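Undergrad: For reference, the chains in residue letters:
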Amino acid sequence: MSMHKITLKVNGVNRTLEVKSNELLLNVLRDRLFLTGAKYGCGIAECGACTILNGDRSVLSCLVPAVAADGWEITTAEGLVDKDGNLSTLQESFVDNAAIQCGFCTPGMVMTSTALLRENPDPDEEFVRDYLRGNYCRCTGYISIVKAVLDAAQRMKEGKQ
Amino acid sequence: MYLNHLDPKNAPHGEEYCHSMIGVNTPRSDGAAKASGTMQYASDLIIPGMLYGAVLRSPYPHAEILSIDTSEAEAMGAVCLTYQDIKPVVYNERSVSTPSGTYRDRTILPNKARHVGEPIAAVAAETEELAYKAVKALKVEYKVLPAVFEPEDALKDDAPQLYDTIYLDEQEIKVKNNIGVVRNIYEGDVEAGLAKADRVFERDFSLGRIYHAQLETKCAVAKPEVDGSLTVWGTCQSIHGCRQLLAYALQMPLSKVNVKKLPFGGAFGSSIQVNTVIPICAAIAKKAGRPVKLTSAREEDFYSHQKYPSKYHVRIGVTNDGIITAGHVKALIDFGAHQVQPLPFMGCTSGWFASLYKYQGNIAFEGTAVYTNKTPCCAMQGYGNPQINFAIESMIDIICDEMGFDPIDFRLKNYRGPGDEFWGQGPTIRSIIKSSGVEESLVEGRKVFHFDDRKSPAEKTGTKRRGKGVARGFHCSGTGGPKEGEVIDYSFATVKINEDGSVDVLSPVTDHGGGTWDALRKIVSEVLQVPYDMVGLSPADTMNTGYDVCTHATRGVYCGGGAAKNAAIKVREKLFEYAGRMMDENPGDLEVVMDPVAHQGRVQVKNYPAKSMTINEIARKAWIMSWGTLAYSDSYRQKNCPPCFTTHFVEVEVDTETGIITFPHVLIYGDCGVPMNPDLVKGQLVGSFNRGLGYTVYEYLPTDEKTGHLKNMGLLVDYKTPSVYEMPRVENMQVELCHTYEPTGPFGAKGIGEAALASVQAAIANAIYNAIGIRFYELPITPEVVLAALKKKKEEEARA
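Those protein sequence lines, which keep their order, are chains A and B.
So the first sequence is numbered by our numbering: it starts at 1 and just counts up by one.
So the second sequence is numbered by our numbering: it starts at 1 and just counts up by one.
These are calculated hints, taken from the structure and not from any lab test.
Please read all numbers here as calculations on a predicted model, not as lab measurements.
Check before you lean on any hint, since a few could be wrong.
[Stated by the list, open to error] Mimicking DSS-like on lysine-lysine, the simulated pairs with C-alpha atoms at most 25 Å apart in a straight line are:
#1 B/Lys256 - A/Lys20
#2 B/Lys286 - B/Lys256
#3 B/Lys156 - B/Lys174
#4 B/Lys136 - B/Lys455
#5 B/Lys639 - B/Lys434
#6 A/Lys147 - B/Lys136
#7 B/Lys606 - B/Lys574
#8 A/Lys20 - B/Lys156
#9 B/Lys287 - B/Lys256
Here chain B stands alone, though its shape is the one from the complex:
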């Protein structure tokens, strides 16, 4: 009944689809290196003559720096770096948006501390021990200023001001009431839409600050070269973004900065921007004239990047027939002490909100993002999507519960699906949905999960109460679109056939662990019909690759893979041209198939396969005859932004005596189009459930308002994340992949990474409601919160 996308006859556009490792589980090719500890991450790198760096961080949330005395540290032999050593070039760490949509407010090192943990000065010394001692020897005179921690307080007229002026593109602008960005987006007529509704639902939602907790803390190694250039290895999701920023901040031409691509120990969005350690490391290495390695301690990393906390006021109108007539979201975002681009964050949030349901075209989003004296916030798997999804998918559950609609039928009636417009990256990136696993996941999931058997909360008794919930979500696959928008999106690839018929693929795209690099190899293998194990991935850096914006926005396979496919097709044309000359045939009459016996791609005459040459023979002959290498490099932009959909069915068990929530059964549907490697896709979905579980019932980062320090002091043990213990049992963690084919994606693929998290939170919260009849509007729903709510409910029931 659903498309079997692995059957070649179902692949649209006559794509060849033969031997292929596409859709096949293959062990990840970097697996052996990772399992044996030999994979080299930035933090593993040691270079001869290397110094170790360390950073002095502000103990105050808001303070002017009156003076920094480095003499004692220098007497110990350390090289020191303060704001006085640096040209005050003002930048934004994230360079994904166009310059006209980029606010700039920071320098490599500041003359004013705006949050606890802000880097104030750095040292480099022969040993790590000496570096840490030298940091302690730095003497900083601060003038402590009043600080503000909550966005509502920051908006007040008498609140401490973090900035007088900042920059938008080249324009200097005044900051009033700590407002960083205001973004209002309107479509249709919300008030008219709400007037048509039989009921209008109005609720407030709040999601707290959390931390990425990627296992590798931010790290950089910078090496000043003898010719004045700089080579950098760092934890970055975008080597080209990192290079651009370093060149800009250090005032060097791009050709003098080379950033090497490396694997990194997780990021979850926290390395889209170039974190503070990389420019600090580069600047101090330049000053020292020696390579420097700078690794954040875990406690420092906690104070370096966090997820945007979000507060929403939501209004949704619904008719008695179950049609949503309008949606209105007011958002208040606390983004901390620096802008890592709350402008596109709010644009994207509006897009996730607008693209969930049709709302009869009546949509309003009114967002305000505010500076506070806390750690700067940045993307964290979903870029506003898990936040707004929690609000909207909770609202849908409330609406269905109160109006008596079936939660699955109601979603199927109102969702944006094939033929509808999808705002892949806010209002400026719009494309039409061409593939959707929503129907399959809701219709099939309902049966598989026995969703209709769930009882109402009132029917539940006993101390341990189970409940079932559902929520659906999605994310974009990249940020491309028919027209350029406020986000830069294109990628680059080189594909090269070697003299023996094997192939090298060169791509600036990073792999966060999802298997993007293997996907690129599979795509090229498919186009050229060269066996998968004959396709290698080249080491890449910013000098040997063209620009790629970043592995963010779930774009690795769809956009990076699109670029690899494009280059491979061009190489195939060249291959046919060479083969045609060699075989005296018209290149247009040739095709390539895999020859499993020769373990080679084979170019043959269509309808007369007896006349053929292996790619080895062609490439070798071209080499001997000095015709040149079969290679092609180019940039490529995806002109669509297809949504990858997910649906989460979650069963919870609430222990009403302890407030602890456990997860007896979870069913996840993921729609990534054609999966490049199904097990790795499922791994993304399971891992995201784990993180979503943490976000929903455990994780938050409260600030001590007296000191501005995190209450957990940057310690993982005092920041509860889900361990293996909180996960469902193996057999009860069920993952299904939808049978879809995305016509604009490489061999039918779109993304999955961020979609995998989008609806976890709401599904859990909806299941909790079904278990105990209590609706939670704030995350996290910790055991303490559950117990307090149960107590309150009991008191209310007793009064009634």
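Just chain A, with the same shape it has in the complex:
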């Protein structure tokens, strides 16, 4: 198996790694960089638990060979927390709106929703429902998650004023 040298910027830190051509980004993040925010739920893009950001775009890390991520600017759920340990507005909104139960889908939901709000800072319910379609949650029934995203958009708007 051939090895490849790649450089990733993960949560603001440059990382240079030797990866095998069949290594998945999800496994690199979890097993080599010890970032557990991206979760394994299915491995084949069925559930969204492994969602991360490349720049502002949400990506399913279980589908990406690590070699293909060379040069990416990656954010995981851990990376949304600021240097003082404060959650992002969206993460806080998830907590406040009781949008978390078992919590296993939460980091993926948070990353997809972060991409959503960067794309559209003022979404309506339809937009949120449409955007979150690929993220699976068995616990909450989604209502509280939709509320959390809409509430975060509101908070961010108010925060800017």
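Starting from the known structure of chain A, fit chain B onto it as the hints suggest.
TA: Showing chain B alone in chain A's frame:
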């Protein structure tokens, strides 16, 4: 008009009820860790020197294993485990029932495959990649046997037999016609009751197999320690059940097995039993002498645990006055290739059936549970309750429709409520109902939902037809009772006041996401009047906690919280004793209140609050004077099993051109007694509606009878679960909590978790009937099923 349970004067038994976070929405304390991806689940754990495990699973539904050649895998550097490495200790993965009610039929690894996906052998290697390659290098010689998939076929004399013998407790018993368990339960006289009825309704119902689809697949990390003991982290709802099973299967004393408590990514009942990966992981780690991590792939998880499919024949007698005179249920349960305890499953099912209505005391339940060459079935939110509730609450709708009764008045006339007996866990766990939100939910819900405005199906026109339906249900809160029954139920807690007046709570109870851990903290905070944020939850394992049966049966808050309250009360006694000595007062004259300024609990003299000490001052002084830590640990058994009630009002819209059903409006009433955290309770109810929606209109797991494989091949994309898209809009998903107080629960609380699902299915099916005039007796009611039924109805109408 209804009790305001948050008003202290309404709390019975003179419970103090002061500052309290009870009944208050508080952000979950593990929320930040979960939102930031830093919460550690078993599947996140990495231990130095850890190997990765992988499992070889049977491609055949029924096959003898003639030989397993591990030499090639071993040459690759993998450690291999087959049945030949293991003492054939026969066990049942679920240890909630008493041994005399537990059938045992399996070992860690078998010498015969009985379903597709059954673990046959395991490997452990330096990397996950190597482990998977090593699995491929294992050579197994199978003798393929004929298989049987449907319970009716399995009962036939010429059917392939899965087992010759199994064990019940210590007794070896012969299996005939693949019958695992027969359970018949009779009360009163059903035939006499039916004879008194003016009409007898008789129908058949069938509910298919579904899958838990919890987001975290089953996982274990096992670490053999240098002293010969074993430490285990796994996806389990019962750390003590897991420890008992590992100790039994690996023949080790309990003191050499320590199972750590962790959060897990959902379970919905699928981790009540210790799933196959945990004992396999433990056994191979022992053999390797290294820590091993074993995580199921999603496809493997699909083949590991499913919900019991159930078929019922139901007879209910009713008088012209609207009194139910008798109820008779015959049940046929297909539980798959191993028993994860269909015996208590059928007992519980009889209890849910018996406790819904009074039936004038005339009840019969006759159940047969059968082995088939399919994935073993286990609890899945409700343990038979959603299944039998669908049948009975559909029957009630049929009766009301055909006899012209109002569906709400009829239920109010016949339901089992306060003062009546509730079978909380089948016939052996009986207690008296003391709190009930049934009246409030039916009477108020009727108004709020404009239920009486619904039109009959015949009045509906157009391609999209709306209908409204109602159904009610419940679940037990734990499995306690005045007398011990066939289910073990007690919990344990340690409460400890630290030297600064803050408090640690230690509990073996797991939290599935419903907020049980915060509830325990709230209960202790209330008893000791220590600010909620000063009460912490300790990491727990099987060595530092006493036995707790399991977080199952909706018992986390009621039973686990009961144990925490008990320990906190004992600590409070000790606190008063210390404070009395320090203040030269009789401990009996002391009380504790929260002091918001000091941010401390404060012990004061009753009627003379000027004389007081904060808990900080008392604990610190006790430390300086070497009096010792204020702490208490004990087991606690709840001696009741109160039902938590739910009612579902559902409006559906049936698209008669596509067969797709949508949900314009849903109103749910939940009766959990005093809610510890209302938003989290509502979250349970909304989440359960989502799962019930999936169960009713989408989810099923058909088997390819040629190969024994699931037709979806274990893929989530080919197993339709409801996404965000199928849910009602936010403003149309309405949840109300009933105003009740359960006198036997910690600060008035009972459970909610499983009750939240019980009546979803019937409410949806009843609403579908109201929309299009077609009664469905089988789940799921997929778009294809709806279209076929509409076509059939049209043809019948054309003929008539």
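Undergrad: Could you run down the list of hints and mark each one as holding or not?
TA: Hint-by-hint comparison with the structure:
1. B/Lys256 - A/Lys20: 40 Å, violated
2. B/Lys286 - B/Lys256: 12 Å, holds
3. B/Lys156 - B/Lys174: 16 Å, holds
4. B/Lys136 - B/Lys455: 61 Å, violated
5. B/Lys639 - B/Lys434: 13 Å, holds
6. A/Lys147 - B/Lys136: 46 Å, violated
7. B/Lys606 - B/Lys574: 17 Å, holds
8. A/Lys20 - B/Lys156: 55 Å, violated
9. B/Lys287 - B/Lys256: 16 Å, holds
In terms of the numbered hints stated before, the structure departs from hints 1, 4, 6, 8, listed from lowest to highest.
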